[in-house]
Amino acid sequence: MTDLNPVIAKVTDRIIARSAPRRAAYLDLMDRQREAGTNRGNLSCGNLAHGFAASGEDKPAIRSGAEMNIGIVTSYNDMLSAHQPYGRYPEQIKLFAREVGATAQVAGGVPAMCDGVTQGQAGMDLSLFSRDNIAQGTVIALSHAMFESALLLGICDKIVPGLLIGALRFGHLPQILIPAGPMPSGLANKEKQRVRQLYAEGKASRDELLEAEAASYHGAGTCTFYGTANSNQMMMELMGLHIPGSAFTNPGTKLRQELTRAAAHRIAQIGWDGDDYRPLARCIDEKAIVNAAIGLLATGGSTNHAIHLPAIARAAGIIIDWQDFDELSHAVPLLARVYPNGAGDVNNFHAAGGIGYVVRELLDAGLLHGDVLTVGGTMADYASEPVLVNDELHWQAAPAESRDDTMLRPVAAPFSPDGGMRLLAGNLGRAIIKTSAVAEDRWTIEAPCRIFDDQNQVLTAFKAGELERDVVVVVRFQGPRANGMPELHKLTPALGVLQDKGFRVALLTDGRMSGASGKVPAVIHLSPEALPGADGVSGPLAYLQDGDVVRVCAVNGEVVALVDEAEWAARAPAVAPPPALGVGRELFALFRHHADEAEKGGSAILAAMEMVA
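613 is the number that this note's numbering gives the last residue of the sequence shown; the numbers go up by one with no jumps.
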């Protein structure tokens, strides 16, 4: 076996050392949880009777306690394409569980919010904090102590991180995540983006835009671009929390059904009463978290995981930061170009060799931890792809060579020698930039800034022709505490128009960009955010003024306001706009007031949990 890359070894060792006290406390809690009453054997007769009262033909088995009872936590709804396929999964899982002498019950449901529906709308202000809500819903579902394992049904942006954050509170249980797969390819994403940009320029009608969008998002399954949802699925494979190769099999196929059956059978094999006990708390360790980050970098995944992965890690007592991402990025080559970093979508990526190919390449090059505890065997088992042979599920080795080198390349000939996610730091704070889809001549932008407090103000200025110049567009008061840190994806077409006209343009914000952020340099998640914290101190972004020259540089890792220090020190911070009302945002004020910075995950519940731990 190839020796582990020294940078990856160094970063991993640093994370282990940094996390040692919290990780030890977490594992001790999980060990005590298994014996402390969170199992059926410790329920009173009244408790237990409530738990099996409506379980039908499974009632005798659940009542006896002799067989594993699997808790199902589902994010099903039939409005969102990614989650609609989950509707029939619980009934299927119950049948599959009986095949191996186990039972299953739906423990509870969690919300599934779609950024595609709320993008640029008021509801987007609830998006990030829906993750905390999902985590709490998962905890409530599993709190009934009726289960010896769990299957988690979730796929999209905040759903998978939320499920894991909650599930890790029950880390003594073996748990497997079950995806539903991407929709078949529709209108090419590049063509969709072209129509969006024409609409931003006033050269396409709303009917033409809607027709393009409907041809792209056309059926059941996840969106096919490589945004946060599909990056989630990749990370679950790299962490060993899926049945191998299950991320990108389309819904409604026989292969998808057999992968779901395999998950139900496998969870029964790794239960706490057997000799292959694989609790979630032990599967998600420091090496698994590093593997997820490596997969993200190697495939050009979503920048949203610079927030979500630290949050998942914190829930397991592990501390990672953006410096870790930055150093890993310099060591991990870019092996995939999936839209918006390339022309093809995740179906094309999967057909080219997909995750199995990526895992094999990374393992062979010493760029991935192979010694992690996975739900599906060893990490080497994930260097494979599932197939049906006479309607039975089998795994075959991932292809030795990429089936499409415009989509997928080997470590020996990558698209880029690094993973394209960089930490920027300077007198404006710390931020993330994703360079994998940005032309190298735009990795450094130095220009006067134009400041906005709302993304709609940017679009108004764009339509009025006020941004027809070299400019750093600053959108502030978009952090977790200010308004829930909405994505600013609706700015992409307008900024793309300016860039295509030859202007040197960048976005700088304490908010988020979409997981599908593309060709325009976007300096995001800037911390500390502009809104004053509990200490009453505003972040540096609040001191910027229109016309200040700002330099953002992915080459040197800088985000700097080129303002005289004395003048800077004499300035008063900008006043934040009042919190927006409506769409239930008022009910999320508790999360806003207590959320911590993006680099720690932007979570209120994790910040509060650590205060009392």
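A hint or two may mislead.
What the hints assert, rightly or not - Below, in silico cross-link-like pairs of lysine-lysine (DSS-like), each with a Cα-Cα straight-line distance of 30 Å or less:
| # | residue 1 | residue 2 |
| --- | --- | --- |
| 1 | Lys192 | Lys519 |
| 2 | Lys10 | Lys501 |
| 3 | Lys203 | Lys192 |
| 4 | Lys501 | Lys519 |
| 5 | Lys203 | Lys10 |
| 6 | Lys190 | Lys501 |
Just so you know, these hints were derived from the structure itself, not from any lab.
Each hint, compared with the structure:
For the suggested pair Lys192 and Lys519, the alpha carbons sit about 15 Å apart, so the restraint of at most 30 Å is met. For a cut-off of 30 Å, the pair hint linking Lys10 to Lys501 is broken: about 44 Å separates their Cα positions. Restraint check for Lys203 and Lys192: satisfied, since their Cα atoms lie roughly 14 Å apart, inside the 30 Å limit. Annotation: proposed proximity of Lys501 to Lys519 holds, straight-line Cα distance about 14 Å (limit 30 Å).
About 52 Å separates the Cα atoms of Lys203 and Lys10, which puts this hinted pair outside 30 Å; it is violated. Between Lys190 and Lys501, the direct Cα distance comes to roughly 19 Å. Compliance with the 30 Å bound is thereby established for this hinted pair.
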